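Using the sequences and the hints given, assemble the complete structure.
Which chain is which? The protein sequence lines are A and B, in order.
Terminal number for the first sequence in the numbering used here: 608, no gaps in between.
Terminal number for the second sequence in the numbering used here: 684, no gaps in between.
Hints were generated in silico from the structure; no laboratory data involved.
All figures in this text were calculated on a predicted structure; none of them were measured in a lab.
Note that beta-carbon positions come from the ideal geometry of N, C-alpha and C, so glycine has one too.
The reader is advised that the hints may include incorrect statements.
[Unchecked claim] Computed spacing ranges between beta-carbons, pair by pair:
id : chain 1 : residue 1 : chain 2 : residue 2 : range
1  : B       : Ala651    : A       : Gly558    : 52 to 60 Å
2  : B       : Gly683    : A       : Tyr582    : 35 to 43 Å
3  : A       : Gly436    : B       : Ala651    : 30 to 38 Å
4  : B       : Glu680    : A       : Val424    : 46 to 54 Å
5  : A       : Gly426    : B       : Ala651    : 45 to 53 Å
6  : B       : Gly683    : A       : Pro326    : 42 to 50 Å
7  : A       : Gly334    : B       : Gly683    : 41 to 49 Å
8  : B       : Gly683    : A       : Val541    : 28 to 36 Å
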Amino acid sequence: MKFSSFVLSVAVAGCAFGVALTPHAAAMISDDDFNALKSMVTNDNQRVSQLEKLHEQDQQTHQQDQQTIQHLEQQLGETQTLATNAEQKAEAAASKIQPANPIMNALHNFTMVGDAEVQFGQAKGQHGTFSLADFAPIFLFRANDNILFEAGFDVTLQNNTDPTTGNPNGGSSTVVSMSFGQLDYLLNDYVTIVAGYMVLPLGTYSERAAGWLNKIPDDPLPVDFLPGAGVGAQLRGAVPVGMSGQMLTYSAYGVNGPSSVDGTANAGSLDLGGNVGDSPNLNGNPSGGGRVGWFYPWKAHYDLELGVSGQTGTWAENKLWSALVVDAAIHISPYVEVKGEYINTWEQTDNAGNIQPAGWWLQASYKLAGLNLDAPIVNDLELVERYDTANDAMGSTTDRFTTGFVYYLTNTLLLEGDYEWFKNRGLNANELPSSQFVVQLSYGF
Amino acid sequence: MLKNRRFILAGALALAGICLGAVLAHAEPEKKTDLKPEPKKLTGAELYAMNCNRCHPERYATEFTTAQWQTIMLHMRVRANLPAAQAKQILKFLKEDAGN
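This is the structure we're talking about:
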């Protein structure tokens, strides 16, 4: 037992001794290999030393480049500052320069715009007829950025008629009438002074009623109760509200006002288009009026406009004539438009007391491009409907429903057509047709 | 053994709690912003779309020269009662693509 333990111990010791010696024996290498290794290490050290030197040189070069870049950036900043100062000085100098020859500038800044319409129409019970409905040029003379003279004319053809019987008596005449002629002076950003024969801001229809702007060839019925223009002076302007495009607009004016066709203050003698100053002012007192409006867009093509306007003054023998108009327009997308006006007038007369010619109109239109049908003709078509009514307070009331279309041949060449149904009550029941259709080609330039 | 484990676990939890408390004590309070984003200024193109299509079909910038647009915009500023800044912005937009 003791011997076995001893043998076992010796065997274990021997194994352990062998294991300890084995790595030492494996680590012994030849002299050649050692020298080769030594040589390799020496070479590597030399290479590292060279790389370190190169790196040091690169760092120095990089530092120099950085300094150069900083210097160039500084110069660039100075140059930009100089350029900005020079630009500001140039703008300031340009704003102080007066035109050398104002007359030449006025002729240079002349532009003509306007529109023309050709119609074919037929009322029920009558024969159809073509007519040159209107050639309406607008001449614009801009003296400078603050002064504009503008004048608009209506040139129409009419059959010659016997002044006594009203029957045609051969030939035709060219009738030229001035629709407006006014001088505009932009006093500042908020006030424009207007003087002359002005389009009056009673509602918005008169100011926005050029032929090619109307989607229905004829005017709403109650607009006839208002003067479209008047001779006088006006202040107008707009105040922006915030930065979303919202604005408040105003206009205040004084004009000669309406007068009488025969000098009397009888109902039916009201002259809305006369009293332009080339004959004695029959009433002796000017009329005054104005409009305030609010325009609110919540984004492009989505907007609401509301306005209230009015005018008051004497028209004959110290009798008063007044008007009140409430106008509204809404756009919902580029395709839908709804607009209208309510018009009420008050007229003091000798023979009929106080009368109130009044009426309203409402128009809605829809561009079929909104259907996204991607069809060429359909995309250029717009459907229009209008209802208007007018009570002249002298025994006649007319209601009219109109359905029509606008086909946009181009953005300014429009083919319009409509069919109108009339309901006439009272004294003029037999004077107006019960229906009619009108086709119009309208060109804006 | 079990007692030791419990002791170690309790110590770790206590340490974690102390650290968390220290972090929360030094965390900055969330800043309240009552500031509304600044309203964006409308571009000439946006003002043109808002105002110049209300009454008539849009006129393309190339239809008139720069000088003509200056004259026409003066007329439109008066007729449509446009604010001065908007009219100038629209004119600038039209001039960029004006015809020759």
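Hints, one by one, checked against the model:
1. Between B/Ala651 and A/Gly558 the beta carbons are some 55 Å apart, a value that agrees with the proposed interval 52 to 60 Å.
2. At roughly 39 Å, the beta-carbon separation of B/Gly683 and A/Tyr582 lies within the given 35 to 43 Å, and the hint holds.
3. Under the hint 30 to 38 Å, the C-beta atoms of A/Gly436 and B/Ala651, about 35 Å apart, fit the expected range.
4. Between B/Glu680 and A/Val424 the beta carbon distance is about 52 Å. The supplied range of 46 to 54 Å therefore holds.
5. The hinted window of 45 to 53 Å between A/Gly426 and B/Ala651 holds, with their beta carbons roughly 49 Å apart.
6. A C-beta distance of roughly 49 Å is found between B/Gly683 and A/Pro326, which places it inside the suggested range of 42 to 50 Å.
7. Here the CB-CB span from A/Gly334 to B/Gly683 is close to 42 Å, well matched to the stated 41 to 49 Å.
8. Hint check: B/Gly683 to A/Val541, Cβ distance near 30 Å, so the stated range 28 to 36 Å holds.
The structure fails none of the hints (numbered hints given earlier).
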